[in-house]
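A.B. asks: Single-letter residue listing:
Number of protein chains: 2
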Amino acid sequence: MDKKEIILNAASEVFRRYGISKTKMSDIGRESGFKTSSLYYYFTTKEDLLQQMIARDLAKIRESLRQSIGKMSGLRAGLKKYLITRVEETEIFKRYEEFFQGSVISPPLRYFLKQQEREMRKFEHEILKDFVINHGPQYNEQADTIVTLILGISMKLSVFRSFDNDDMETINQKVESMIDFLFRDYKGEHRC
Amino acid sequence: MDKKEIILNAASEVFRRYGISKTKMSDIGRESGFKTSSLYYYFTTKEDLLQQMIARDLAKIRESLRQSIGKMSGLRAGLKKYLITRVEETEIFKRYEEFFQGSVISPPLRYFLKQQEREMRKFEHEILKDFVINHGPQYNEQADTIVTLILGISMKLSVFRSFDNDDMETINQKVESMIDFLFRDYKGEHRC
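Residue numbers (our numbering), protein chains in the order written: chain A, 1 to 192; chain B, 1001 to 1192.
Don't read these hints as lab results, they were simulated from the structure.
Keep in mind the model is a prediction, meaning the values are calculated, not measured.
We put the beta carbon where it would ideally sit given N, CA and C, even for glycine.
Watch out, some of these pointers could steer you wrong.
Each pair of labels, with its calculated beta carbon distance range [stated by the list, open to error]:
{"#": "1", "chain 1": "A", "residue 1": "Ser-21", "chain 2": "B", "residue 2": "Asn-1165", "range": "28 to 34 Å"}
{"#": "2", "chain 1": "A", "residue 1": "Lys-187", "chain 2": "B", "residue 2": "Met-1168", "range": "34 to 40 Å"}
{"#": "3", "chain 1": "A", "residue 1": "Asn-9", "chain 2": "B", "residue 2": "Ile-1092", "range": "36 to 42 Å"}
{"#": "4", "chain 1": "A", "residue 1": "Thr-45", "chain 2": "B", "residue 2": "Ile-1105", "range": "22 to 28 Å"}
{"#": "5", "chain 1": "A", "residue 1": "Glu-126", "chain 2": "B", "residue 2": "Val-1104", "range": "33 to 39 Å"}
{"#": "6", "chain 1": "A", "residue 1": "Thr-45", "chain 2": "B", "residue 2": "Phe-1123", "range": "41 to 47 Å"}
{"#": "7", "chain 1": "A", "residue 1": "Lys-60", "chain 2": "B", "residue 2": "Lys-1060", "range": "22 to 28 Å"}
{"#": "8", "chain 1": "B", "residue 1": "Asn-1009", "chain 2": "A", "residue 2": "Arg-110", "range": "37 to 43 Å"}
{"#": "9", "chain 1": "B", "residue 1": "Thr-1036", "chain 2": "A", "residue 2": "Ala-55", "range": "44 to 50 Å"}
{"#": "10", "chain 1": "A", "residue 1": "Thr-44", "chain 2": "B", "residue 2": "Phe-1123", "range": "44 to 50 Å"}
{"#": "11", "chain 1": "B", "residue 1": "His-1125", "chain 2": "A", "residue 2": "Asp-144", "range": "24 to 30 Å"}
Just chain A, with the same shape it has in the complex (with noise of 0.2 Å):
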């Protein structure tokens, strides 16, 4: 791990902790081992350290997404995955959520997040939409409809699992029969 990784991991346990609005970058440092002011060669100010640390997991979902649908040759099994994928690598946002409670979010950090959702959200509506129509061509001009369906399922099962704490085998069974019931005309696996 380089030393930048572990400030950000340090940065996380002590925001969990703390809060982001009560955390000093010396508390970073201290629990990171390294000097506080070497912390400033990677992060102007904490607010900066924050921008790193969100880009950096949301890289990470991205990567996890993309190998999600990577390998899978069927429409509704490769659906399935991307879902229960995307269930599993967005609890990162609750940790978050802990990070701010009690913090009020700055006009900066509120445009910076804004604009994250909306690359996520174009980076999903993209890859989903080159999946559909590869692994599905009797839907192709249906593509996008399915994509913003699929998109509408994940945001209902992120409820599911952070409000109504549902079990993954409970998202699991969700997902099975929500694409089974959306595509339960689909025959036979087409590939390109």
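With chain A's structure known, arrange chain B on it following the hints.
C.D. replies: Here is chain B on its own, set in the frame of chain A:
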């Protein structure tokens, strides 16, 4: 309009103007035209007022949602109407987001919001499930799955509306194509 309603409307206006944390009961008194002391007859604290405002707004939304599928006979038409109504009605949440900007949400309020959200979700699941069972008897066994799909669609539509600023025309088209795809094998107008 009764006095309580006048006070809540005045409060909504000052919350929008100053944000919740900076608003004082005396600001609400001034805006409403009533003596501040008389406000306490209806509301014990500013937070109580806020909770009552939220409860009132959610009750209105539930009423609109109920009406949206009350008169419709077809499965597809009813669900489309429901989704459009839901997107329109929940624009009110944008106003609350504005209220809360720069304010910390207190733990009791957070608890109240989660509780309200849970009740709302339960309400929506129930009326939609009844509707699906009554209007598309061929889907009876999948009623829960379908309702979950519809609620997922509604979440995604709210994102389109509030983040991507989709106009209602665009929302309408998305609703059309999603519901038509979802019930592409739906035959006729069954009634009970």
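A.B. asks: Evaluate the given range 36 to 42 Å for the C-beta pair formed by A/Asn-9 and B/Ile-1092.
C.D. replies: Holds - the Cβ-Cβ distance for A/Asn-9 and B/Ile-1092, about 40 Å, lies within 36 to 42 Å.
A.B. asks: Take the C-beta atom of A/Lys-60 and the C-beta atom of B/Lys-1060, compute their distance, and say whether it sits inside 22 to 28 Å.
C.D. replies: violated (42 Å)
A.B. asks: Within 44 to 50 Å: is that where the Cβ-Cβ distance between A/Thr-44 and B/Phe-1123 falls?
C.D. replies: At roughly 47 Å between Cβ atoms, B/Phe-1123 and A/Thr-44 fall inside 44 to 50 Å, so the hint holds.
A.B. asks: Between the beta carbons of A/Thr-45 and B/Phe-1123, is the distance compatible with 41 to 47 Å?
C.D. replies: holds (44 Å)
A.B. asks: Cβ-Cβ distance between A/Thr-45 and B/Ile-1105: within 22 to 28 Å?
C.D. replies: Holds, since A/Thr-45 and B/Ile-1105 (Cβ atoms, about 25 Å apart) stay within the stated range.
A.B. asks: Do the Cβ positions of B/His-1125 and A/Asp-144 conform to the proposed distance bound of 24 to 30 Å?
C.D. replies: Since B/His-1125 and A/Asp-144 have Cβ atoms about 27 Å apart, the given range 24 to 30 Å holds.
A.B. asks: Hint says 33 to 39 Å; check whether the CB-CB distance for A/Glu-126 and B/Val-1104 agrees.
C.D. replies: The hinted range 33 to 39 Å holds for A/Glu-126 and B/Val-1104, with Cβ atoms some 37 Å apart.
A.B. asks: Lying within 34 to 40 Å: is that true of the beta-carbon distance A/Lys-187 to B/Met-1168?
C.D. replies: Holds: the Cβ-Cβ distance is about 37 Å, inside 34 to 40 Å.
A.B. asks: If I claimed the Cβ atoms of B/Thr-1036 and A/Ala-55 lie 44 to 50 Å apart, would that claim hold in this structure?
C.D. replies: holds (47 Å)
A.B. asks: Please check whether A/Ser-21 and B/Asn-1165 have a Cβ separation lying inside 28 to 34 Å.
C.D. replies: holds (31 Å)
A.B. asks: When you take the CB atoms of B/Asn-1009 and A/Arg-110, is the distance between them in 37 to 43 Å?
C.D. replies: violated (28 Å)
Checked against the numbered hints above, the structure violates hints 7, 8; every other hint is satisfied.
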